[in-house]
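Engineer: Keeping their order, the protein sequence lines are chains L and P.
Taking numbering that gives the first Met the number 0, the leading residue of the first sequence gets 0, the next gets one more, and so forth.
Taking numbering that gives the first Met the number 0, the leading residue of the second sequence gets 0, the next gets one more, and so forth.
Rather than coming from a laboratory, the hints here were simulated on the basis of the structure.
A hint or two may mislead.
What the hints assert, rightly or not - Only pairs whose alpha carbons sit at most 27 Å apart, straight line, appear in this in silico DSSO-like list of lysine-lysine:
1) K418(L) with K240(P)
2) K425(L) with K71(P)
3) K343(L) with K364(L)
4) K315(L) with K40(P)
5) K40(P) with K425(L)
6) K76(L) with K40(P)
7) K241(L) with K240(P)
8) K55(L) with K343(L)
9) K76(L) with K240(P)
No experiment lies behind these values; they were computed from the predicted model shown.
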Amino acid sequence: MRSNFKPKLLKLAIAGAFSLGLASSALAVDLTMYYPVAVGGPLTKIVDGMVSEFEKQNPDIHVKAIYAGNYNDARIKSLAALKSGKPAQTAVMFSIDIYELIEQGAIVAFDDVVETVEEKAWLKSFYPALMENGKTQGKTWGIPFQRSTIVMYYNKDAFRKAGLDPEKPPATWDELVSMGQKLTQKTGGKVDQWGAMIPSTGYPYWMFGALSMQNDQTLMNGDGNKTNFDAPATVAALQFWKDLGSKHKIMPSGTIEWGTLRQNFLAGKTAIMWHSTGNLTVVKKKAKFDFGVAMLPANKRRGTPTGGGNFYIFKKSTPEERKASMKLIRFLTDPERTAEWSMKTGYLATSAGAYGTAKLKQYVKDFPPAAVARDQLKFATAELSTYQTGRIRKLLDDAIQSVLTGAKSPAEALTGAQKKAERLLKRYR
Amino acid sequence: MTRKMTRYSLKSQATGWLLLMPAAVFLIAFTYYPTIATLAKSFFSQGTALRPSQFVGLENYASLLDDEVFWKVARNNIIYAGITIPISIALALLMAIWVNGRLPLRSLTRISYFTPTILPMIAVANIWLFFYTPEIGLLDQTLRGAGFNGHNWLGDPNTVLGCIIVVTIWKESGFFMIFYLAALQSLPPELEEAAKLEGASRWTYFRRVMFPLLMPTTLFVMINAVINSFKLVDHLFILTKGGPDNSSSLLLYYIYEVAFSFLDQAYASTLTVILLGALAAIAIAQFVFIDKKVHYQ
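Modelling step: build the complete structure from the supplied sequences, incorporating the hints.
Structural biologist: Below, the structure is given as structure tokens:
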């Protein structure tokens, strides 16, 4: 009897261990996530921290979060991974990559992944302006994560010196010009301090998206298959940008370098700069003068494009992996975590819920510039994004630069760009 | 007897092939196969999930002829090569002769000429970005100090390519100098003494003796310089991104843009074929025409 019992127990134990092992391996999901870093700061550490917290709460999901370089690199790596057979299941990529990713058949719409009422409500919890770049064909393909807008940084000391009220930054184009003229300081023929600088290398189309929106004109339609480059309001907006340098002389002529503009502003060489909210934390740390942050000025209305990265889920994934990805994305975009992310990076918090959290409320109260981007969201529009988006963007960039450097007139450059864009986009209608 | 011979030669042939194999495998995998694949790709359209790739014959080449940006970039590249190659070689030779002589602090001078070479191009570009930056850059501050007006160096289509060329020459000539320096030190000193005894001037010695003896080095350096003038585009990423309005864009940078920003591998392949063709033609021309004038010891 006794001698019989032991082996049985052992068998039972082995069987039990086996079934347990099987069960846990059936539940465990391995996820690979690519994410880019587009601004300075220890962002990888913050992401890694959030991911390991997620793994602690969800022991059955293993996440491999891979830093993939800038936005361009992240897209290339994700697409290459899809082809290599070792694909990622989810990634943060440029919000404007949406059409490219759809055309490559790389991503699924979130509408096809969400199931419960709660999940559907979550899909609607973000600021609508931030969803614009993630929606097309009536579906949502991208969930806002690291998002920004353009804001106006201004040097309050320079305002005081020029006899201007430092609490009243320019609110209209006319004020920008008139204040800019007062802020432009010269000795002899040489300019010591410019009134304003709007960067025109790197992402000229982004800055231009703000100017054209302020002229009440979007750059493209919601289906991403038609551009409005030659619309009269677009042409007038580019004329205004050009005039700031050549006619009003409050900005240097030629193009202005995106990468060194912050140094120009910090060195007091320009009283106003337009730049991404992503620079806020660095400017706050480095500015040796009193500075302010304001919404961009209006002409017919206020306006700025949004910018930054969205979460996507890849098509090449099992239902379990998609479900796990959803869990991860919901975790990372939940109000508490979003608030923390925003405070640490300067990116926008993507939902009203996040700005309602106690910690972000306090932070905004102590540092009001952090709220400017949020308040500006109601005037925000989508960033330029179409099918063939790289080519279309380049057409507009080249047109803008050829105007700013005086090679072409705004009408000539933009009509040319529109004609070429038409040729590329016709087949997507 | 004959049978034995064939077996022997078969065996030796096998050994030969085996010895070749490691190099051949790598050359085929990383040079010949990609070249042929690129050529093949240039005859197909870019495929997407919605529109699979199909054979389009010479269509990509036809659109290349219509592509204004391509012509602008090609023109830029010719100017860029035409200026950087002769100047960086001449400077390299001059510096090599200079540091080959008896100088105080000779090794320090040599090192300082060579330093730009060991810096990565991206670092070099970042340094120069702050030279060229308007208002706060070194160049503008110096100009202002001397009472001149500043200039938007990288923002002006008339000066931007020149700025890029200067950076490249600065970076390249130190590298070429090393080859000339090595060659100079292998020249037998008797030649110079003999020339002196014959009463030849230093210029005659340089023109008639030294320069001809340096020809193998010059050929080597020249081929490298030509290749680099098409290959070296790292600094564009930092300094200008090809702008304003493609004024500083070069062929390889444009290929990168087409392949990785426009995601159009087909057209990028077409451009690559053109670049490969041009480089091959130049290399062949150099070997055929200049090789005859090269005196190998």
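Engineer: Look at each hint and say if it fits the structure.
Structural biologist: Hints and how they fare:
1. K418(L) with K240(P): holds, 24 Å
2. K425(L) with K71(P): holds, 26 Å
3. K343(L) with K364(L): holds, 16 Å
4. K315(L) with K40(P): holds, 26 Å
5. K40(P) with K425(L): holds, 24 Å
6. K76(L) with K40(P): Holds. K76(L) to K40(P) sits at ~21 Å (cutoff 27 Å).
7. K241(L) with K240(P): Holds. K241(L) to K240(P) sits at ~21 Å (cutoff 27 Å).
8. K55(L) with K343(L): holds, 22 Å
9. K76(L) with K240(P): Holds. K76(L) to K240(P) sits at ~21 Å (cutoff 27 Å).
Comparing the model with each numbered hint stated earlier shows that all of them hold.
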